[in-house]
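Colleague: Got two chains here, each in a separate frame; can you build the complex from them with the hints?
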Amino acid sequence: METVAASEEEAHEEHHDHGLSDVGYIKIALILGVLTAVEVATYFWDFGILEVPSLLILMVVKFQIVVSYFMHLKFDSKVFTYVFVTGLILACAVFAAMGTSMVFWQNPSGCDLSAFC
Amino acid sequence: MTDVAESSTSELAYGRTEWDDYHHLPTNTGLTNEKITMWSFLGSDCLLFGSLISTYLLLRNRVGPATSGPTAADLFDIPFTSVSSFVLLMSSLTMVLAVTSIQRAEMERCKLWLLTTAALGAIFIAGQVYEFTSFYREGLGFTTNISSSAFYTLTGFHGVHVSLGIVMLVTMWALVSGGQLGPERAETIEIIGLYWHFVDIVWIVIFAVVYLIP
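Top line first, the protein sequences correspond to chains B and R.
Counting in the working numbering, the first sequence runs from 1175 upward without gaps.
Counting in the working numbering, the second sequence runs from 35 upward without gaps.
Excised from the complex, chain R in its bound form (with noise of 0.2 Å):
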């Protein structure tokens, strides 16, 4: 009972005040709200990823009669796009390395693993954004036929995902830099962690469905 009356203090252990007791409140299930958010968000958004890719594959050889022009399938550098996804592929262990630096207070080397995520991140942006415009001047706009639309709705939402990914893990990094975000809050890391480890898996469903599977 102590213990409870002395947490309802402003000013809590490790400079923990009132406003994080508040967001840390012990759940019925023992697992942080914020965590189990994370986890439905990934959930529903398989769903929007699975009808993205389910569109793609019923369209993907139909140009149709009013539309002419190439589909991506015939465009596809998998030399090219077998860099990137691998690119992609370890980002996903410097994301993991980030989160076990914290994890283990070792700020530096937390700075140092979120920004060679976001870099990387940002490395499969520019290879996305040099593979679009490489296809549009082969002659595949987003308009072009029906395939080329869904390719197009795919990759991009993709690599919005991506994107939001690159301004989490920067803004991260700022909020650990400027020492507002320390080890007693490694969750934060962790969440944003399984965010970035989803759009990896993502993309390793599309490599595979999409680029590979003729």
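Isolated chain B (complex conformation) (with noise of 0.2 Å):
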């Protein structure tokens, strides 16, 4: 019983391990603002060509920290990443197969999507 109480401790001390401390978390929470606040920056001052790409590097850097410090993906088993990222690249195809079954093949007599709209 005793080797039970000790693994299940050590398990417990390994758990710990994993992740940041509370003040580690505040900290990422304060990078996601900051953040936020340049992504809102952008509706209110004028960037030019570079207010898309910079808006989607922000969220896709958002995206990362909290999968990766608040999900603890960074500290988890890979196994998570593996299953997460299949489910996120199956969500990219989708969204490239519609793209290009309902814009870039259109069929050439006529709009296919004007006869829903």
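Computed footprint of chain B on chain R; a stretch qualifies when at least three of its residues, placed anywhere within it, have a C-beta under 8 Å from a C-beta of chain B:
1. 67-80
2. 116-128
3. 236-247
By construction, these hints were calculated from the structure, which means they are not laboratory data.
This one's a predicted model, so the numbers in the text were calculated from it and none came from an experiment.
Even glycine gets a Cβ: it sits at the ideal position worked out from N, Cα and C.
Modeller: Here you go:
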């Protein structure tokens, strides 16, 4: 029984090694807040041709930070990363399939989408 | 072997029962089934939101010949939505603090962070209800045009996810308060947290792609 208790305690301590301290999480949240403020700034100031790329980059960075630190993917088993990334890749494939089928591959005799709208 | 024999009794260490032990069987991967299930669900939910976001992007500027009215993009109140986004983002912080609290067996603090997270989620939902109401008053209903249908479907599905998350958080708070969920089951809170963070990252994408990118 002591063996079981000891291994559980070790597992518990190991779990605490994963992730950050509370202060670390607060710092991450502050970074996310600043990134959000920069995103919103693009609405009030003209960033020109950089607007869309900068918004996309900020979105990806925020996404990555939340997934890595708040969702612990950076510290957890790689199996979770594979499972989640598979879903993300499939979602991107759905977007690509819809885009190509409804926009790029229109019927030459007329707009396919116009039948619905 | 002695440990295995002892663990087959009905009452195990730390007040655990055979039911608890059954649900925490060692797996081939060394990972719990519950956590793998949640990650699989989140992976599949990416597909749902991927298709909804794709649909909106394809239809965002299409009003159609038979319908009229404004598009959602014409009515966006970016400062208001920015505050809502910030509130949801901060709820991810309080959620992760709830997880670390229960891992350290700080139950009172865990309850506080769980309730705070639920409250921030409720504020976000209230903001969404306000936004939908104001859009409707401006003449943008669900069936006004194809663009509005795509917008309400996307943001509505996200709102339903947040609402379900609030229900789960309040349930967790009740279980922790009733002593039915202790530090030995911290992973349950962690799994609910994964769902909540997922709802947050979906909004990160929606906020940028739907609201901010012209």
